[in-house]
Every structure is written in structure tokens, then in C-alpha cells.
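Trainee: Sequence:
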Amino acid sequence: MSDTITLTSAIDGFSFTAGHVRPEGPRKGGVVVIQEIFGLDQYVQADLQRWAARGYEAIAPSLFDRVTPGYVAEHDPEGFQNGVAAVGKVGMPAMLSDIQACIDALKDKGPVFAVGYCMGGSLVWLAASKLEGLAAGSAYYGSQIAANAALPLNCPVIVHLGAKDAHIPAEQAKAAIWTAHPELGVYVYEASGHGFNNDGRPDSDLADAELARQRTVELFEANGAGA
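Under the UniProt record's numbering, residues 1 to 227 are what the sequence shown spells out, in order.
Simulated from the structure, these hints should not be mistaken for lab results. Predicted, not measured: the structure shown is a model, and the values here were computed from it. Please note that a few of the clues may not be correct.
[Stated by the list, open to error] What follows is a list of derived Cβ distance ranges for each label pair: (1) W178 with A222: 17 to 23 Å; (2) V72 with R215: 24 to 30 Å; (3) A175 with T4: 24 to 30 Å; (4) A166 with D12: 32 to 38 Å; (5) L211 with H167: 19 to 25 Å; (6) P77 with E132: 33 to 39 Å; (7) A147 with F80: 27 to 33 Å; (8) T68 with E24: 29 to 35 Å; (9) R215 with Q45: 21 to 27 Å.
[Claimed, not checked] With a cut-off of at most 20 Å between alpha-carbon atoms, the simulated SDA-like pairs for lysine to any residue come out as follows: (10) K130 with N154; (11) K89 with G70; (12) K174 with A163.
We treat Cβ as the ideally placed atom computed from N, Cα and C, and that holds for glycine.
Start from the sequences, fold in the hints, and give me the full structure.
Mentor: Below, the structure is given as C-alpha cells:
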């Protein structure tokens with residue numbers, strides 16, 4: 001069962017809310033779960049529970065609280081447009097500052113990891129380059145990763161892409177990432193499109209989603225989880 005906590009962003013002193021779950025069983029680490037543009041919807045909530053079940057304390061910042069506290073939108077054209085507008089109003093620096101506040105809330109208890117989806121996938125990549133305190137990151141179908149592929153990274157990152165993604169040319173993105181960071185794991189899932197971590201969505205293939213989750217767990221375990 002998740003609860004809601006309040007954290008403060010260093011960039012402007014703004015207090016924002018975040019979904020929070022405690023680990024089931026022995027604590028293996030902390031995970032910052034970074035939303036799509038639809039807010040802390042049922043798919044984010046499900047992801048929080050998955051991480052808790054695996055032994056992680058997880059925090060999902062509500063990144064659009066500066067626009068609408070507790071923002072949640074439908075996965076439809078209107079929800080997409082509203083989310084794009086919210087990104088423009090909040091801005092990447094503020095969202096990264098909120099993510100840093102989540103990292104800081106977890107870092108004294110053990111290693112901290114990040115996982116993010118769509119917009120959140122791009123933010124994982126940026127966080128791995130620009131923020132402090134992450135042990136590793138798992139970035140799902142972030143449209144801005146390829147454009148920022150040359151950024152130096154402070155921790156290992158793996159990237160998950162859907163071969164059927166109409167928004168992100170998966171092979172082109174993989175090539176861009178490997179040109180700058182040939183050591184990273186970049187995985188293309190042939191049966192899946194955009195948003196495939198969201199169980200039950202049209203572009204989701206359960207086998208692909210479970211494989212990506214297992215690869216993410218293995219990355220975290222290789223970088224201090226449960227140690």
C-alpha cells in the first residue's frame with residue numbers, strides 16, 4: 001500500500017507530493033520511479049507496488065504539482081496534450097531538482113536507483129548525467145535520450161526501446177547511444193511499442209515487460225542493491 005509524502009525542491013523551495021512505498025521484506029535499496037506525462041496514474045502506482053514487492057523503498061515524485069497538485073491525466077489525445085503543456089510550464093530544471101530531492105530522501109539508507117518511462121525515461125538519462133547520488137538508472141523509451149546521448153554519465157544506465165514504437169526509431173536511438181556509450185545495455189523489444197511497461201496497454205507485451213524488469217533488477221543488483 002502506497003502513501004503520500006511531501007518533499008521540498010532545492011531549485012525554488014517548492015513543496016511537492018510523491019507516492020511512496022516501503023519495501024516488503026529486507027530492504028535492498030531505494031528507487032525513484034519517474035512518471036510518464038500522464039502523472040502518477042494507475043501504471044505508476046502499479047510500478048511502485050512491484051518495486052516494494054522486490055524489496056525496494058520507492059518514491060514517485062508528482063512532477064506536475066507546480067501546474068496541478070496531484071496531476072493525473074487519461075492516456076488519450078487530450079491527456080497527451082495537457083501533459084506536453086505541463087512539461088513546458090514546469091521545465092526540466094525543476095523536475096530534475098524534484099528528482100534530486102527524492103534521491104536525497106533515500107540516500108542515507110543505501111544505494112539509490114532510478115527507473116522512468118517516456119518522459120521519465122528521458123529524465124533518468126538526464127539525472128544520470130546531471131544529478132548526484134544515483135547508483136544506476138533504467139530508462140524506458142525516452143524520446144530525448146538520443147538527442148542527449150553524448151552527455152557524460154555519472155552511473156551505469158540501461159535503455160529499453162520498443163521495435164514497434166511509432167514515436168522513437170529504436171534502431172536509430174540505439175545507434176546514437178552506442179556511438180557515445182558503447183558500454184551501455186540498449187535493448188530493443190521486438191513485440192512491443194511505446195509504453196510497453198504499462199500492463200494491458202495496446203503496445204504492451206507481457207513477456208517483453210517482464211524481461212525489461214528483470215534486466216533492470218539485475219542492473220541494480222550489480223550496482224549495490226541488497227549488498
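Trainee: For each hint, tell me whether it holds in the structure or not.
Mentor: Hints and how they fare:
In this structure, W178 and A222 meet the distance hint of 17 to 23 Å, their C-beta atoms being roughly 19 Å apart. Look at V72 against R215: about 28 Å separates their beta carbons, and that is inside 24 to 30 Å. Between A175 and T4 the beta carbons are some 41 Å apart, a value that contradicts the proposed interval 24 to 30 Å. Evaluation of the 32 to 38 Å hint for A166 and D12 yields a pass: the beta carbon distance comes to about 36 Å.
Separated by about 21 Å at the C-beta atoms, L211 and H167 satisfy the suggested range of 19 to 25 Å. Checked against the hint of 33 to 39 Å, the C-beta distance between P77 and E132 comes to roughly 38 Å, which is consistent with it. One distance hint, 27 to 33 Å for the beta-carbon pair A147 and F80, is violated here, with the actual separation near 20 Å. Roughly 31 Å separates the CB atoms of T68 and E24, a value that falls within the hinted 29 to 35 Å.
At about 22 Å, the CB distance of R215 to Q45 agrees with the hint of 21 to 27 Å. For a cut-off of 20 Å, the pair hint linking K130 to N154 stands: about 8 Å separates their Cα positions. For the hint pairing K89 with G70, the CA-to-CA distance comes to about 16 Å; that is within 20 Å, so the pair holds. Between K174 and A163, the direct Cα distance comes to roughly 11 Å. Compliance with the 20 Å bound is thereby established for this hinted pair.
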